[in-house]
Amino acid sequence: MTKAKTGFTIEKDEVSGKAYDSRLMRRLIRYLKPYTLQVVVAAVLLLLISVTRLAGPYLIKIAIDQYILPRDTTGLLFISLVFIAILLLQFFINFFHVYLMQWIGQKVMFDIRRELFDHIQHLSLHFFDRNPVGRLVTRVTNDVSALNEVLTSGVVAIFGDVFTLAGIVIVMLSLDTKLALVTFCVLPFLFIVTFKFRSRVRRSFRKIRKRLAKINTFLQENISGMYIVQLFSRESVNYKRFRNLNRDYLHAHLQTIFYFALFFPIIEFLGYLAIGATIAYGGWQYRATGMTLGVLIAFIQYAQNFFRPISDLSEKYNILQGAMAASERIFKILDEKAEVFSPAQPALLPSIQKGIEFRNVWFAYQNDQYVLKDISFSIEKGQNVALVGATGSGKTSIINLLTRFYDVQKGQIFIDGGDIRKLSLENLRRRIAIVQQDVFIFSGTVADNIRLGEDFSQQRIEEAAHHVSAHEFIEHLPNGYQTDVRERGNQISTGQKQLLAFARALAFDPEILILDEATASIDPHTETLIQQALATLMANRTSIVIAHRLSTIKHADLILVLHKGRIREMGTHEKLLKKGGIYTKLYRIQIEDTGFGLQRN
Amino acid sequence: MTILKLKKYLRPYKGEYIWGSIALMFTVISGVLVPWLLQYPIDILKTTGANRQFFMSIGIFLLAALFSGIFRYFMRKVLIGVSRKIENDLRNDLFAHLQSLSLSFYHRFRTGDIMARATNDINAVRNLLGHGIMYFLSTFFYTLFALAMMSRIDVKLTLLALIPFPIVSFGVYRMMKYLYHISNRVQSIFSDITAKAQENFSGIRVVKAYNQERNQFHQFEKIAGNYLRQNIKLALLRGGTHAGITLITGLGLVLIIYFGGREVMAQKISLGKFVSFLAYMAQLTWPMIAIGWVINIFQMGSASLHRIYEYFDIRPEIRDTDEADNSITDLNGTIELKHVHFRYNPKADYVLHDITFSIGAGELVAIVGETGSGKSSLVNVITRLYQIQKGSITISGYPLEKIPLKILREKMGVVPQEDFLFSETIAENIAFSDHYKEMEEILAAADVARIGEEIVEFSDQYDTLLGERGINVSGGQKQRLAIARAVLKKPTILILDDAFSAVDTVTEKRILQNLKKDFPVTTKIIISHRVTSLRDADQILVFHDGKVVESGKHEELMRRNGKYAALFFKQLLQEELEKID
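From first to last, the protein sequence lines stand for chains A and B.
Position 385 of the first sequence, counting from 1, maps to 385 under the numbering used here, and the rest follow consecutively.
So the number in the numbering used here is just where the residue sits in the second sequence, counting from 1, plus 1000.
The hints are simulated quantities; they were obtained by calculation from the structure and are not laboratory data.
All values reported here derive from a predicted model rather than from experimental measurement.
Don't take every hint at face value.
Here are some chain A residues pointing at chain B (derived, C-beta under 7 Å) [unchecked claim]: (1) I29; (2) G75; (3) F78; (4) F95; (5) S124; (6) P132; (7) L165; (8) L219; (9) L254; (10) I279; (11) G283; (12) I434.
Below, simulated PhoX-like cross-link-like pairs (lysine-lysine); rule was C-alpha separation at most 20 Å, straight line [stated by the list, open to error]: (13) A:K196 / B:K1077; (14) A:K410 / A:K210; (15) B:K1233 / A:K107; (16) B:K1406 / B:K1390; (17) B:K1406 / B:K1437; (18) B:K1553 / B:K1509; (19) B:K1402 / B:K1390; (20) A:K210 / B:K1406; (21) B:K1085 / A:K207; (22) B:K1553 / A:K240; (23) B:K1478 / A:K240; (24) B:K1008 / A:K373; (25) B:K1437 / A:K579; (26) A:K422 / A:K354; (27) A:K107 / B:K1222; (28) B:K1085 / B:K1008; (29) B:K1516 / A:K240; (30) A:K564 / B:K1509; (31) B:K1563 / A:K585; (32) B:K1156 / B:K1077; (33) A:K214 / B:K1509; (34) B:K1553 / A:K207; (35) A:K585 / B:K1570; (36) B:K1579 / A:K585.
Ideal placement from N, C-alpha and C gives every residue a C-beta, glycine not left out.
Based on the provided sequences and hints, a complete structural model is requested.
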């Protein structure tokens, strides 16, 4: 069916790339709602962590001022024990907080992931035509994981850093306002340096990303097209190009290394400057104010703790940006509406009594490029119908419409006189089984592939396999019906896959069988088995077959000859052959294909 | 050790490594000195108050901090810079090596795998050479110096301070191992999620047709739930490790506060020294964690290095051997195959069986047959992209192995079945074999391939960019560009492998006429499904199951009424059908 896809325009895949978007954020936060209690607890824990982080230097101050300098050994022991208690408390809070945050993050991810998966699989085939599978897979996997970053590394870490900073500021101010202000003197410089560094680094990171993308594209292209490179002796030219790309990439990196090499020492030095200034001012004021040595020492420690969160904060920007882009892409898909859907109040169809009718059906995959034009025909219950026509004549599209993979643009399709759009999708599709040319094999065992997700009994599976002559080859597989089909060495041939698909269709016992016969060459033994299986499958069953086999065509009750989107001829084999029209030509091609060519003129 | 393999890459940067290490030593020394210098202002303040000496001591402290910063700058810039330069050299060499490898290599390794080694693995090696070495050295020296300074303050306290060291280092190392193990499991479940999504979305028709949405959802939910649980386990471990390190180092600090405080009381050490000691303790936290981390970097780096060298150790299968005769500088277009057998790998079946035929210079030869009958494999062995196992191929009377590869490739113009254009301009793609070609020649080649008229319709004409960042051309345009690319070489032998499948019959016939007219002495081998346009070929070879089953001129083969005749009639009918509206 891939042939129907050619000519589809793949949608562009672009997002705005903002680091913060309140609309998206609000929507994300909605996913936190089921876990409100956990979120509140986590926030409280985060506050407690910030408090315990602040306690250390303060305890040291008390130890020095109240116990060490006055030489109070019992007091020192007491404060040490308090310290240990706080450390233990901090350990448990820390641990529990990390656990809780991850738990929330993972739960939300799980929720979004399953919602997204289910949403995608319910979207119409039009959507799948426009979006490559690889892209959809990325949405469900990597993009959802990136979202987790917003919660765990982004928002939470930012709040944590802000809490800690605010706490340090408050404690320092309350210990000694003037001294605190002296320490804060370096802050403006710190902000300027960080800001400058950030903007420079962001720019050079962007350069790195671009140049890396170039290297990867070039590499990918050269690996895939290596035979062209070698056939046209382009090795040295391409090597030179690669070397240049590589060099540009190196230079971008060296630039970034320079910024980082500069930034870290400057930040560190600013920290020391703050300490130096604090000591100098504190020493100068030592006698004048009643400032204690303990306060001074606590200040030194707080100052050291001050700078890490600030440089951390700027790191978070990139993470947030990536996650926002991911959420935008995910929500774009969640906003996508299914074009083919069940009606709100579906009609009931317990079983088919009369038959199928196409009435003046027009259909286009893309606006106005009609692949089916004014198609009308009817099939009675129990009839075997063959669709015949050249590639691109519209045979597959007829099947796509009957199963409601797509909906018609004009005209109507009826089952037992009722429009199929009045039925629920499930009810409609339960009447039909479809076997495609390229049989899709799922991972899992042979039995899994026959029953799919239903809980059919082993007996039902084996009976189905028996009827379509698949039992024999299945029994010869290493583990019979329990053989893993995707495992190496258990590969089954194209013909065997066909038989498996027949068994699958039979196990589901459909009222209508739709079949796209394989054109690929199959070994004679399997071919015979397939012929027999087909007869079993189609006996006493309404069937529509895109026919390539002469036997199928000859035995059909009705042959529809499609040519360029229209039904040009209709009737039985003998009748159509007498006509000497398109069917006769198609038939002759078929004959040449199977090597039965006898008389040529 | 695997790292020794890199000697060749390290040698050019010996000077930089030495200079970087010196900077590193100074960084460490000044870094150790800074907390040490902190004790003086405090002690002076405690005894005499803020005097000249007090401010001097702060000045010295800041000076040391400044030096520490300057050296740190040089250390990072040099040592990390070198690792990037080596990465650059390594990647260039890997690329050159990849170019020299035969197609059988690309048959064996998937693009994704090759890409992974050229990117991720090289990154891991670079990480080892840069951050790995830098952190290893600085951690080592820092710990050494800090301990020396600490023991100058107080030996007993230093021994106490050492207690958390082995616990944390060993703990981090073990955790890393375990984390690695669990991360692998998480990674593999993640692949399961990917596989499930991939399967569902590619098989969406079957899923929908058999009403399997709900069951599929449950299957997916099960895997995603498993992923959730393993991830929480991972988080617990990470969180535990992090909290554990904080706890143990914190306990170490309390130990020092208590015992150090008592020393201060006993006036064995000064308060300033006590503060310095606490500062050292704080700074030693990082090296403790770093050791486990560095070990991890080294392990990953050497595993990656191993993977990269796996490629470097593969020798190109097809290259000029001693047999190659450099006196061969020109070829005429005769080709002769005798009993050629070929298969893609020793375990597989032969795809060419006992092929024997000969082609005279300037002939037009058509090769027809079903998909998988061995036609493209024939192209692969004539162009020597693959090596045959049995039999012989001679071109211009020389065995293929004697002809220098450069000459062989220069004289052949090939349009492979899977046409591949590069993300370059149209002109660059046509002049792929020689990008100094004159524009006139490019125009002429485009005209032969009947693509010229369409190129001038594009916005930038011959400068139009193709591929990812450029425009997408249709299948037929691609094929004709590939033909232009091949004829530009003015080859002695021109091979078109199914090059007209997306080109309409009228254009195909015109291109064939152009080829006959403009390249009368060139041997033309044309593989095609459309036999009707090749009826006047000098020779037609019919392939079936890797063998030549029929050969001769059109009339002879038609008289024989075999495979060729069947094919020919079928196509005549198809063409007639096309004409009906």
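Here is what the structure says about each hint:
no., hint, in the structure
1, I29, "violated, 20 Å"
2, G75, "violated, 10 Å"
3, F78, "violated, 10 Å"
4, F95, "holds, 4 Å"
5, S124, "violated, 9 Å"
6, P132, "violated, 9 Å"
7, L165, "violated, 19 Å"
8, L219, "holds, 6 Å"
9, L254, "holds, 6 Å"
10, I279, "holds, 5 Å"
11, G283, "holds, 4 Å"
12, I434, "holds, 4 Å"
13, A:K196 / B:K1077, "holds, 19 Å"
14, A:K410 / A:K210, "violated, 48 Å"
15, B:K1233 / A:K107, "holds, 13 Å"
16, B:K1406 / B:K1390, "violated, 23 Å"
17, B:K1406 / B:K1437, "holds, 18 Å"
18, B:K1553 / B:K1509, "holds, 18 Å"
19, B:K1402 / B:K1390, "holds, 16 Å"
20, A:K210 / B:K1406, "violated, 35 Å"
21, B:K1085 / A:K207, "holds, 17 Å"
22, B:K1553 / A:K240, "violated, 47 Å"
23, B:K1478 / A:K240, "violated, 26 Å"
24, B:K1008 / A:K373, "violated, 70 Å"
25, B:K1437 / A:K579, "violated, 59 Å"
26, A:K422 / A:K354, "holds, 17 Å"
27, A:K107 / B:K1222, "holds, 13 Å"
28, B:K1085 / B:K1008, "holds, 13 Å"
29, B:K1516 / A:K240, "violated, 37 Å"
30, A:K564 / B:K1509, "violated, 25 Å"
31, B:K1563 / A:K585, "holds, 19 Å"
32, B:K1156 / B:K1077, "violated, 38 Å"
33, A:K214 / B:K1509, "violated, 40 Å"
34, B:K1553 / A:K207, "violated, 61 Å"
35, A:K585 / B:K1570, "holds, 9 Å"
36, B:K1579 / A:K585, "holds, 12 Å"
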